[in-house]
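Colleague: Residue numbers (UniProt numbering), protein chains in the order written: chain A, 1 to 406; chain B, 1 to 406.
In case anyone wonders, no lab produced these hints; they're calculated from the structure.
A portion of the hints provided could be inaccurate.
If several chains are the same, the list does not tell them apart, and a pair holds so long as it fits within one copy or across any two.
Lysine-lysine pairs mimicking DSS-like chemistry, simulated, CA-CA at most 27 angstroms apart [stated by the list, open to error]:
1. Lys379 / Lys232
2. Lys187 / Lys264
3. Lys91 / Lys317
4. Lys168 / Lys258
Note that this is a predicted model, so its numbers are computed, not measured.
2 protein chains.
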Amino acid sequence: MILQRVEVAEDGGHVLYVSHDPDEGEKEISQEELDDLVSSGQIPPLLSDTEEVAAQLKEAMQSGNPMELKLFTEEKRRAIETAKAQEKIAKEQETYSAGYYESYEKVEVHEVMLKDTPRNYAYATAIEKCAHKIAGKAVLDVGCGTGILSMLCAKAGARVVYAVEASKMAVTAERIVKDNNLQHIVKVYHCPVESVQLPEQVDVIISEWMGFYLLHESMLQSVLKARDLHLKPDGLMMPSKANVYAVPVSLHDFRREKIDFWDKVVGFDMRAVQDTVWEEAMSAPLIDVIGPGSMMAKPQIFASLDLHKVTAAELEKLSATLKFTVTKEDDLAGICCYFDTSFFGTANGVPIVLNTSPESPPTHWKQTVCLLGVFARVKPGEEVEINLNMVQDSFNPRHYIISLET
Amino acid sequence: MILQRVEVAEDGGHVLYVSHDPDEGEKEISQEELDDLVSSGQIPPLLSDTEEVAAQLKEAMQSGNPMELKLFTEEKRRAIETAKAQEKIAKEQETYSAGYYESYEKVEVHEVMLKDTPRNYAYATAIEKCAHKIAGKAVLDVGCGTGILSMLCAKAGARVVYAVEASKMAVTAERIVKDNNLQHIVKVYHCPVESVQLPEQVDVIISEWMGFYLLHESMLQSVLKARDLHLKPDGLMMPSKANVYAVPVSLHDFRREKIDFWDKVVGFDMRAVQDTVWEEAMSAPLIDVIGPGSMMAKPQIFASLDLHKVTAAELEKLSATLKFTVTKEDDLAGICCYFDTSFFGTANGVPIVLNTSPESPPTHWKQTVCLLGVFARVKPGEEVEINLNMVQDSFNPRHYIISLET
Numbered sequence: 001m002i003l004q005r006v007e008v009a010e011d012g013g014h015v016l017y018v019s020h021d022p023d024e025g026e027k028e029i030s031q032e033e034l035d036d037l038v039s040s041g042q043i044p045p046l047l048s049d050t051e052e053v054a055a056q057l058k059e060a061m062q063s064g065n066p067m068e069l070k071l072f073t074e075e076k077r078r079a080i081e082t083a084k085a086q087e088k089i090a091k092e093q094e095t096y097s098a099g100y101y102e103s104y105e106k107v108e109v110h111e112v113m114l115k116d117t118p119r120n121y122a123y124a125t126a127i128e129k130c131a132h133k134i135a136g137k138a139v140l141d142v143g144c145g146t147g148i149l150s151m152l153c154a155k156a157g158a159r160v161v162y163a164v165e166a167s168k169m170a171v172t173a174e175r176i177v178k179d180n181n182l183q184h185i186v187k188v189y190h191c192p193v194e195s196v197q198l199p200e201q202v203d204v205i206i207s208e209w210m211g212f213y214l215l216h217e218s219m220l221q222s223v224l225k226a227r228d229l230h231l232k233p234d235g236l237m238m239p240s241k242a243n244v245y246a247v248p249v250s251l252h253d254f255r256r257e258k259i260d261f262w263d264k265v266v267g268f269d270m271r272a273v274q275d276t277v278w279e280e281a282m283s284a285p286l287i288d289v290i291g292p293g294s295m296m297a298k299p300q301i302f303a304s305l306d307l308h309k310v311t312a313a314e315l316e317k318l319s320a321t322l323k324f325t326v327t328k329e330d331d332l333a334g335i336c337c338y339f340d341t342s343f344f345g346t347a348n349g350v351p352i353v354l355n356t357s358p359e360s361p362p363t364h365w366k367q368t369v370c371l372l373g374v375f376a377r378v379k380p381g382e383e384v385e386i387n388l389n390m391v392q393d394s395f396n397p398r399h400y401i402i403s404l405e406t
Numbered sequence: 001m002i003l004q005r006v007e008v009a010e011d012g013g014h015v016l017y018v019s020h021d022p023d024e025g026e027k028e029i030s031q032e033e034l035d036d037l038v039s040s041g042q043i044p045p046l047l048s049d050t051e052e053v054a055a056q057l058k059e060a061m062q063s064g065n066p067m068e069l070k071l072f073t074e075e076k077r078r079a080i081e082t083a084k085a086q087e088k089i090a091k092e093q094e095t096y097s098a099g100y101y102e103s104y105e106k107v108e109v110h111e112v113m114l115k116d117t118p119r120n121y122a123y124a125t126a127i128e129k130c131a132h133k134i135a136g137k138a139v140l141d142v143g144c145g146t147g148i149l150s151m152l153c154a155k156a157g158a159r160v161v162y163a164v165e166a167s168k169m170a171v172t173a174e175r176i177v178k179d180n181n182l183q184h185i186v187k188v189y190h191c192p193v194e195s196v197q198l199p200e201q202v203d204v205i206i207s208e209w210m211g212f213y214l215l216h217e218s219m220l221q222s223v224l225k226a227r228d229l230h231l232k233p234d235g236l237m238m239p240s241k242a243n244v245y246a247v248p249v250s251l252h253d254f255r256r257e258k259i260d261f262w263d264k265v266v267g268f269d270m271r272a273v274q275d276t277v278w279e280e281a282m283s284a285p286l287i288d289v290i291g292p293g294s295m296m297a298k299p300q301i302f303a304s305l306d307l308h309k310v311t312a313a314e315l316e317k318l319s320a321t322l323k324f325t326v327t328k329e330d331d332l333a334g335i336c337c338y339f340d341t342s343f344f345g346t347a348n349g350v351p352i353v354l355n356t357s358p359e360s361p362p363t364h365w366k367q368t369v370c371l372l373g374v375f376a377r378v379k380p381g382e383e384v385e386i387n388l389n390m391v392q393d394s395f396n397p398r399h400y401i402i403s404l405e406t
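Input sequences plus hints: build the corresponding full structure.
Modeller: Here it is as structure tokens:
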């Protein structure tokens, strides 16, 4: 038994680390090294056995000085430290997860989605046009929210809809399903889809999983897990495809209201504030509805996902170098990202697509713009080349880190 | 020396609490009690002196079992626990304070204020009309933000303006002052006003301290401290008076968009969501611009403050019973609170008042409505009596707890 080190604890006591068996203590240091540390004053004098510990205890008590001893085998100490570190990481991850689900307990989030007409229209049309693939079949709705997609599938003739919702909204969804007399078809499960136990493989997976710039929230990863676990080999994904687009844009409103505004405020020069505005604007992309007039080139596809095949690993990092030819003279402010997502089948011969482009009617996803940090004057015919990266944040996988190089 | 108790620590070790002097250990228990606890198995066997501690240590080490000992005098243990508790409270309070100041580092907050025309107009007019009281005098601007009020006072002829700002915006304010060539008059202090050291007593204190329903943020309390410490006995407060008003209101927009919306959504009955909407709506007042058409009676004064005299203690709890006579048939949704604040002097014979009433042009303070939780049909001539309380939250003094009884 060797006392390896003595540390002053936060509360003023002393902590002694002990190795029970010198052979097993990987981090044990030699007696010479210990002596060197002590004689050089880097650590306090060490005690070499329990008799000395007892003497020190006695002295500490008699003098009325508090003293703390922690005695562990080195192995146990390492086990405790590892467990503490793991617990800390698990707690952080849990907080993110809990926060994510909690956000969907707020009614306002559902209100915004249910007031999004292009969203509702695309899903309702897709379900109507796929009625032949839904009728009599089993459907899984991943993240059902208020249950609207599940109920639309039930109305389209589904035999059963497994409606899975991790947030407390599941409790309300169950009441809504009952109020609409669809409880014999729609079965609500209050749990993350990752842990749901279904009585059968399903024919269709429907989900409204899209976030800002498609991937924010990383809910797609959960949908893909559900697909791999619960969808029949020839089952249908709704939606079945998704594309992320990028296009250079000007931002006249942003410039006027957020930057130029500070040129003169109530008669004073407040341009000093602009540094802080840029700092804030560069720390996270701008999420706003930008008009079609902002587009300065033909949009290009940044990423294209086949939702029957794409894997979670492929979503960890998306990267592309894109070349745009400028179509009009203006101040280039940044790169706008948006997505579309499409469904199997057509309506009146036209593919069923939910499009969040600046040229489409606004949705609650708006558009996402990564700013350059300057307004760069460009002219028609000029080429703009960018390298765009979207990397899943390893610390909070619900977020992506977007970087842009010009 | 008596070992008082042994506890199993979270990490599997043992914790022993020791009293150095049996006479001083208030929480010490008798030997009989200890023996009873041990024999009944409620605590593990106790050790009575250091020799036994040493023996136990030796055994624990030889067996390879980890063991933790914490040895403190009872007095020291209590001191540590008290210090920990105090530190925890201090940290929480600090977090609130830091969070409050941080919110004023965001440019957007200042943008909203500086785009508030009624606000800017009232202060600019008041400063202009008080130029005779400002010229050649010392002014203190409490929470100067971007420095706009300080610079207006400088333009009105102030000899010196002490511009105090706790948030990092102070750094930008200093740059702005210099950019406008007013640094010989406006002196920026980057600290809470509570800790500022001024070279003299001031003639005027100007501040834009008002929050939602006047009192939210509790910044007035800081202004009053500054008044008591730094204002000359006959000095001027700008503004000098403030009133909080209350009036019963209908809320047709709220009802249509937040409640009735759920009656039928994409063809489904979603009234079940309304319970959650009400729950959320009742947990915090509604802050929104409500039109003058929402008012259902003559507004009444809930509280009236003379800012030359009012004390922080008087702001801890404001309470009043108010009687309203309904003027039109409608659904009563709640009680709307708003404020006005006025300045010394007149403009064209009219008092200079910044009014946030539903009948005045909208400001960034909007109006604050405490909801009843139902829509109560009332008719002209009916009397509505309410008891309204605004109590400063002892846990987070920046907040008030508003309660309403009908």
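Colleague: What label fits Lys379 with Lys232 when the C-alpha limit is 27 angstroms: within, between, both, or neither?
Modeller: This pair counts as neither: shortest intra-copy Cα distance 52 angstroms, inter-copy 62 angstroms.
Colleague: Could you place Lys168 and Lys258 in one of the four classes (within, between, both, neither) given a Cα distance threshold of 27 angstroms?
Modeller: Result: close only across copies, 19 angstroms inter versus 38 angstroms intra.
Colleague: Could you place Lys91 and Lys317 in one of the four classes (within, between, both, neither) given a Cα distance threshold of 27 angstroms?
Modeller: Classified as within; 25 angstroms inside a copy, 39 angstroms across copies.
Colleague: Can you tell me if Lys187 and Lys264 fall within 27 angstroms by alpha carbon in one copy, between copies, both or neither?
Modeller: between (60 angstroms within a copy, 21 angstroms between copies)
Hint 1 from the earlier list is the only one contradicted by this structure; the remaining hints agree with it.
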